[in-house]
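Peer 1: Sequences listed follow chains A and B, in order. Residue 30 in full-length UniProt numbering sits at position 30 of the first sequence, and the numbers go up by one each step. Residue 119 in full-length UniProt numbering sits at position 119 of the second sequence, and the numbers go up by one each step.
Honestly, the hints are just simulated from the structure, not real lab data. Just so you know, not all the hints are guaranteed correct.
DEER-style ranges, computed between Cβ atoms [to be verified]:
(1) B:Ala398 to A:Leu251: 45 to 53 Å
(2) B:Ala398 to A:Asp26: 27 to 35 Å
(3) B:Leu162 to A:Glu103: 45 to 53 Å
(4) B:Lys303 to A:Ala339: 49 to 57 Å
(5) A:Ala281 to B:Ala402: 43 to 51 Å
(6) B:His306 to A:Ala278: 22 to 30 Å
(7) A:Gln77 to B:Lys392: 15 to 23 Å
Built from N, CA and C at the ideal position, the CB exists for glycine as well.
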Amino acid sequence: MTTVSSASPSLEGADSRNRLFGPLPDVSADAGYEEDHPSRVGFFTDTSVCIGCKACEVACKEWNTLPMDDANGVLGQMGMSGMSYDNTGQLGANSWRHVSFIEQSRSVDLPMPTIGMPGADRHDHGHDHGANAISPQADSVLAAQTSVLNAEALSEFDPQTSVTGGDGGTQIRWLMSSDVCKHCTHAGCLDVCPTGALFRTEFGTVVVQGDICNGCGYCVSACPYGVIDVRKDDGRAFKCTMCYDRLTDGLQPACATACPTQSIQFGDLDELQARADARLATLKSQGVETARLYGRDESDGVGGVGAFFLLLDEPEVYGLPPDPIVTTRDLPAMWKAAATGAAMIVGVVASSFLGRRR
Amino acid sequence: MTTPSSNGHPAADDAHLNGRSLDAGPTGNEPAGEAPLVAAAGGWHRAGGTDLTQPKRRKRRKGGGGWGSGNREAAMVPDAEFSSYYGRQIVKTPTWKNPEVPLYLFLGGAAGTSSVLGALAEFTDRPTLARNAEYVAGAAALGSVVLLIDDLGRPERFLHMLRVFKPTSPLSVGSYILSPFSAFTSAAAGFRLLELAPLLKLGTKVLPFLPALARFFPGARKASAIAAAAFGGPMATYTAVLLSNTAAPSWHEVHTELPYVFAGSAMAAGGGITMALTPVAEAGPSRKTALTGVALELFMINKVEHGHGLLSEPYHEGKAGTLMRAAKKATITGAAFTALLGRTRAGAVIGGTLLAAGSVMTRMGVFEAGIASTKDPKYIVIPQKERMAARKAGEAVAEDEARSVVR
Numbered sequence: 001m002t003t004v005s006s007a008s009p010s011l012e013g014a015d016s017r018n019r020l021f022g023p024l025p026d027v028s029a030d031a032g033y034e035e036d037h038p039s040r041v042g043f044f045t046d047t048s049v050c051i052g053c054k055a056c057e058v059a060c061k062e063w064n065t066l067p068m069d070d071a072n073g074v075l076g077q078m079g080m081s082g083m084s085y086d087n088t089g090q091l092g093a094n095s096w097r098h099v100s101f102i103e104q105s106r107s108v109d110l111p112m113p114t115i116g117m118p119g120a121d122r123h124d125h126g127h128d129h130g131a132n133a134i135s136p137q138a139d140s141v142l143a144a145q146t147s148v149l150n151a152e153a154l155s156e157f158d159p160q161t162s163v164t165g166g167d168g169g170t171q172i173r174w175l176m177s178s179d180v181c182k183h184c185t186h187a188g189c190l191d192v193c194p195t196g197a198l199f200r201t202e203f204g205t206v207v208v209q210g211d212i213c214n215g216c217g218y219c220v221s222a223c224p225y226g227v228i229d230v231r232k233d234d235g236r237a238f239k240c241t242m243c244y245d246r247l248t249d250g251l252q253p254a255c256a257t258a259c260p261t262q263s264i265q266f267g268d269l270d271e272l273q274a275r276a277d278a279r280l281a282t283l284k285s286q287g288v289e290t291a292r293l294y295g296r297d298e299s300d301g302v303g304g305v306g307a308f309f310l311l312l313d314e315p316e317v318y319g320l321p322p323d324p325i326v327t328t329r330d331l332p333a334m335w336k337a338a339a340t341g342a343a344m345i346v347g348v349v350a351s352s353f354l355g356r357r358r
Numbered sequence: 001m002t003t004p005s006s007n008g009h010p011a012a013d014d015a016h017l018n019g020r021s022l023d024a025g026p027t028g029n030e031p032a033g034e035a036p037l038v039a040a041a042g043g044w045h046r047a048g049g050t051d052l053t054q055p056k057r058r059k060r061r062k063g064g065g066g067w068g069s070g071n072r073e074a075a076m077v078p079d080a081e082f083s084s085y086y087g088r089q090i091v092k093t094p095t096w097k098n099p100e101v102p103l104y105l106f107l108g109g110a111a112g113t114s115s116v117l118g119a120l121a122e123f124t125d126r127p128t129l130a131r132n133a134e135y136v137a138g139a140a141a142l143g144s145v146v147l148l149i150d151d152l153g154r155p156e157r158f159l160h161m162l163r164v165f166k167p168t169s170p171l172s173v174g175s176y177i178l179s180p181f182s183a184f185t186s187a188a189a190g191f192r193l194l195e196l197a198p199l200l201k202l203g204t205k206v207l208p209f210l211p212a213l214a215r216f217f218p219g220a221r222k223a224s225a226i227a228a229a230a231f232g233g234p235m236a237t238y239t240a241v242l243l244s245n246t247a248a249p250s251w252h253e254v255h256t257e258l259p260y261v262f263a264g265s266a267m268a269a270g271g272g273i274t275m276a277l278t279p280v281a282e283a284g285p286s287r288k289t290a291l292t293g294v295a296l297e298l299f300m301i302n303k304v305e306h307g308h309g310l311l312s313e314p315y316h317e318g319k320a321g322t323l324m325r326a327a328k329k330a331t332i333t334g335a336a337f338t339a340l341l342g343r344t345r346a347g348a349v350i351g352g353t354l355l356a357a358g359s360v361m362t363r364m365g366v367f368e369a370g371i372a373s374t375k376d377p378k379y380i381v382i383p384q385k386e387r388m389a390a391r392k393a394g395e396a397v398a399e400d401e402a403r404s405v406v407r
């Protein structure tokens, strides 16, 4: 019996700091696991290399046998969202990976080297280096291929970034990001679950036990990211398990295994964090000023997350909350107010019995 | 394509050229510095112009909620610029059933106050008030249990609630309040029922030894009533924590005020109902409790409705706004009847009924407001952006101070 792992961090351990929010160096130990538990694992989703193929969504659906639903989470429906290539729409009980698509444009008023086909400036770039006089075309393709992962590809020479017109033209780009449960350090869903159905695994992830959940729906209201939801015909809550079943067998989660561009990277969380920091530094040095890590900061409102992201725009553009906090952070203040309120009821009623009759 | 607030300047780092205005409105061309919420992102904005980024505003039907619904004129806070993912909501809307859960909140409050009234009436020679308050508490508590179980996705697993105890889960704590509370209130009401001769006769058919125990009934009843009263206050206010300890922005924001709103509403309901049922000679405590409750509720609801800027807005708009206004009218009228005519039977009945109705509508209004705040991403994005900006400003000030100290 491991009731200890279904208790929230606030109950266990001698250290009283950071029980409800703030950095927590070892979430598994805090949930009651022995010293020799596996290290905390996570996802680093680098959206700068996501191509929006949705292999992660399909792999997840297949592996976890999730039922079909439409962009609004209606079971058994196949419907178009009517807004972009995104017909999954949202994370929920039946979609544990969700690739968001954002088509963006911007006005450009830059002196163009040439007016014409997208990528015409790439030829110039190639000529400067003068590497291949016979076939500059092939050279530019090579240059484009080798530069796929660099910042120029993202800002200027990306195949998805086209320039139309000379001055005052419009540039188009696509942002794609595979969203997933964040497996928070301080998980609101886990904190508020009254049955202990949600628990912290030895890998530091947060998982629902289907045989315990009684469908009270509290986790749905408590998640600051809108991840977990109740499946209508089933009545219980479902969300990403980070493929707990695969992890215990030494495999990677299905989505990370399926990702063809390594946009979804799975591994030990501290290793991923180091990798993400390096990636961000690279992008910044290449001039991608808007690149940022989301969920990496361990002093944020949820104590950092297990599944964090490299984004190219503000989080809310991707449908992520800009500054999420775990609701339980304020719970002591709430209990205090409730206790005072309860005392007031007793006090008021008692005093109403005093004084003259009638 | 046209982008109202993007004038095509090359200054890509200008925060105000990204054209992500969600509500350009008549004053779409704000001067720079008006909209600090939208940060620079290389001048990128959602393709297709501003109209696609705007949540679909359905024609406002009576009581209609939904995407950023409501009365634009009544909006307390001017719409700020913000971006979102196609106007879709960020947090999930609570799956709790309506009206089951608001009614549960109401019954919990009414039962909680009644149990305290009943226990004290037992010892102050007010037999009718004690009887009525105990019946009200017992019936409302049992009703609460039914509603709470009915709200579960898997009702047959209700007992899983008692599998663990977690102070971080208001529903877990609430289960450990509701269980003994409903047990003791129904015990008190049950012993009262057994004191009635016909019911005792009926009970004797099942349990032949009952008459032998009859002399213990009054004592057992009083003990149960006291035990129930111990849980009465928490029963009435824990439900506020239940709502506030969520990611629904308009519930969470008011987390230090909602318990007092619920306490006031509970006193108005419990006092009102017992006052309506009890002869005026014994109902003095009910009247006083109800009136104090109304004062507390109105004072605190004012803070909820006006003290939180954008996050107070859902309490004014749409279905929630209608309910909150109706609740206020019913509560104030009920309080007036209670204060002026409460010493007449008719006045007490009318006043008590209005107070109970006001309490029901307050709970429904608060419930609807929280639901509405989850459906529009602006209630998430704008306050969180403001919070980040404030934090950044605070850090800058602290840094400045640190520097001047060093100097």
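Peer 1: For a quick check of understanding: which of the numbered hints are violated here, in increasing order?
Peer 2: 4, 5, 6, 7
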